[in-house]
Amino acid sequence: MIPVYELFIAIRHLTSRRRQTILSILGIGLAVMILMISQASMVGFSQEMYKKTVDKMPHITIEPKPDDDHIYLYRSLAEDIRSIDEVIGVSCFLLGQATFEYEDTSKNIIMQGILIEDHDSVLHINDDITKGNLRDLEAIRNSVIIGDSLAEKLDVKVNDMIDASFPEANPTALKVVGIVDTGTPLDETLAYTSLSTAQDFFDESNVVNSIIVRVEDPDTAQPISDKIDTFGYPSSSWMETNPEILQTLMIEGMSNIIVLGMIIVIASFSMVSTMIMVVMEKTREIGMLMAMGVTRKSILAIFLLESGIMGLIGPIIGVSVGILVCLYFGSITFDMGEEAYGGVSTFPFIVRIQDAASIVFFTFLLNLVAGIYPARRASTFDPVEAISNE
Amino acid sequence: MSDKKKIEIRDLTKIYGDGVEVRALDGVDLDIEKGEFLAIIGPSGSGKSTLLNMIGILDTPTSGTILLDGIDITTASQRQRSKIRNQKLGFIFQYHHLLPDFNAIENVMMPLLINGIKKSKAKKIACEMLEEVGLYDRANHRPNQLSGGQNQRVAIARALANNPDIVIGDEPTGNLDSKSSDIIYDLLRKLNKEHDQTFILVTHDERMAEKTDRIIRLVDGKIVENSKVE
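Same order as they appear, the protein sequences are chains A and B.
If you read the first sequence in the numbering used here, its first letter stands for residue 1, the second for the next number, and so on.
If you read the second sequence in the numbering used here, its first letter stands for residue 1, the second for the next number, and so on.
Where hints are given, some of them may not hold.
To give a feel for the contact side, a few chain B residues facing chain A, derived at Cβ under 8 Å [to be verified]:
(1) 53
(2) 78
(3) 83
(4) 93
(5) 101
(6) 102
(7) 119
In the DSBU-like style, the derived pairs of lysine-lysine whose C-alpha atoms are separated by at most 30 Å in a straight line are [stated by the list, open to error]:
(8) B:123 <-> A:297
(9) A:56 <-> A:175
(10) B:121 <-> B:193
(11) A:51 <-> A:227
(12) B:88 <-> B:211
(13) B:83 <-> B:123
(14) B:118 <-> B:190
(15) A:297 <-> B:124
(16) B:88 <-> A:297
(17) A:297 <-> B:118
(18) A:51 <-> A:153
(19) B:121 <-> A:297
(20) A:107 <-> A:131
(21) A:297 <-> B:83
(22) B:193 <-> B:34
(23) B:179 <-> B:190
(24) B:83 <-> B:190
(25) B:83 <-> B:193
(26) B:193 <-> B:118
(27) A:297 <-> B:119
(28) A:153 <-> A:107
The set of hints was computed from the structure by calculation and includes no laboratory data.
Backbone N, C-alpha and C fix where the C-beta goes; we use that ideal spot for every residue, glycine too.
Please construct the entire structure, taking both the sequences and the accompanying hints into account.
What follows is the structure, encoded as structure tokens:
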């Protein structure tokens, strides 16, 4: 326990040189505030990036066995995967190449035969349908939904008929029942049709060549993928198929912490230099305290308490103001135009309590460590020299 | 025989300096009785303050011993020294050396708080001490709001707060005019009589030294005179 008088002296020192104390606290507070805001926006933008990328990709992809072209008995495999707790969507589909022709234009495309509800549960494709209706894929025979860029290139609209030719089947006319905009380059080559239609055209009844899975928390995709591996089909998580996403987030996060950590180190240094000045100014006082019987340990405690108190109040103020700034700017909606920042219209600040707590804790610790030097200096004074110091 | 004797100094030597050797104290032997009021005098550089710092265990001798109540304080640990300084010794310096950020009563309370005495009790004792030095009405003034003489009286109240056995004064009136000096001297004398504490004062002021019980004169680190004042 800290004896009363050390704290009494430390607090009185701080309140007596109010201006210096406030400046030191504000210096640390300002640095911490910047770190808090930056961290909140970092977390927010990461979440945004997650939403824009990971959320739109299959979390886990299952492929045919190495020597096969297809996944057989896919229905029971899908059931097994669905029985895993964290899995919230499974979609089996058949991919194949085809050529679409409308009037004089033709394009090679990738046709994806899907079960609409299953596929929607994994990729939320219904949200991306800009024209037409997803349900029509199964309601109307020989229908397709095509990517918006593809539709533009072929110059087709909903309800137009396009000619499709397949490697293994006779050319057929397909009715366009919808346009999809996923916001990715896939929109140039993508065409959805129903799974049964695809199986007919590719002459592959009762097989699929890919299964995709959505899980509750994208961060847990890897262990679930490892579990699916044990069912006998090669499975890979989004971390394996797109490792650059995590790398980007990590590099951004690291550089953020390094740069802002430096600012806090600088603020702490200014606090230390203030403390060194204080110790020099108070040399005679320290000598007199020693003459009154204050031990070296207690002298150390007095000056460490001073750094510690500033190092605690500073970050608490900084984090509090930082959170208020985040909440205020986070609530403002601004218009940057649809395309400018991918449709982002608010600052995506996310304040996490663990970030706030660890910023306060580490800044406090840093200040305490930085305060050791001036405090140690004070505690090693020779009392006779200190008292006679001019 | 040593139960009455409070301080026994034997062959105390202090040598300063790297290269050029300065003997600040040279084989000093001195016995000081409990309740004595004595003055150490001598020219500048004669070793007065060094001797006082040794008795106050603010400094350590090169050789020799100082027995306080039969215990050799020259070999005590840092912790023991701090404890002895707090409980058995009171210091008054030429400059009051009050803590500038604390008012008079808080300054007097400080040695008591360091001694682990509760704040409420410390405050009560400090009030009594300020009363005794006649500054009760200035209890809430900070050192910069008091005169030199008043500050020195607060410093005396502080030195006596823990009821120490020995009060050490290094030129306690050296920075005051003669009127204030007389007030301080009379106060010290009165306290000495009332509390039966040992007072050891270093002074330049022969007039003041004449009013003490005994004069120790130091020259070049040696005692050249040790005489009772009639």
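Verification of the hints:
1. 53: The hint holds - residue 53 of chain B has a Cβ within 8 Å of chain A, the shortest such distance being about 5 Å.
2. 78: holds, 6 Å
3. 83: For residue 83 of chain B, the interface hint holds, since the closest Cβ of chain A sits about 6 Å away, which is under 8 Å.
4. 93: holds, 7 Å
5. 101: holds, 4 Å
6. 102: holds, 6 Å
7. 119: With a closest approach of 7 Å, the residue 119 of chain B hint holds.
8. B:123 <-> A:297: Holds, because 25 Å separates the two Cα atoms, which is no more than 30 Å.
9. A:56 <-> A:175: Cα-Cα ~26 Å, so holds.
10. B:121 <-> B:193: Given that 30 Å is the threshold and the Cα spacing comes to 25 Å, the pair holds.
11. A:51 <-> A:227: holds, 25 Å
12. B:88 <-> B:211: The given pair, whose Cα atoms are some 25 Å apart, holds under the 30 Å limit.
13. B:83 <-> B:123: Measuring from Cα to Cα gives roughly 21 Å; hence the hint holds.
14. B:118 <-> B:190: The given pair, whose Cα atoms are some 28 Å apart, holds under the 30 Å limit.
15. A:297 <-> B:124: holds, 28 Å
16. B:88 <-> A:297: Given pair residue 88 of chain B, residue 297 of chain A holds - Cα atoms ~20 Å apart, limit 30 Å.
17. A:297 <-> B:118: Holds: residue 297 of chain A and residue 118 of chain B sit about 20 Å apart, inside 30 Å.
18. A:51 <-> A:153: Between residue 51 of chain A and residue 153 of chain A the Cα gap is close to 29 Å, so the pair holds against 30 Å.
19. B:121 <-> A:297: OK: residue 121 of chain B and residue 297 of chain A at ~25 Å, within 30 Å.
20. A:107 <-> A:131: holds, 21 Å
21. A:297 <-> B:83: holds, 13 Å
22. B:193 <-> B:34: Judged against 30 Å, a Cα distance of about 12 Å means the pair holds.
23. B:179 <-> B:190: holds, 17 Å
24. B:83 <-> B:190: holds, 27 Å
25. B:83 <-> B:193: holds, 25 Å
26. B:193 <-> B:118: Satisfied, since the Cα-Cα distance of roughly 28 Å is no more than 30 Å.
27. A:297 <-> B:119: holds, 21 Å
28. A:153 <-> A:107: holds, 8 Å
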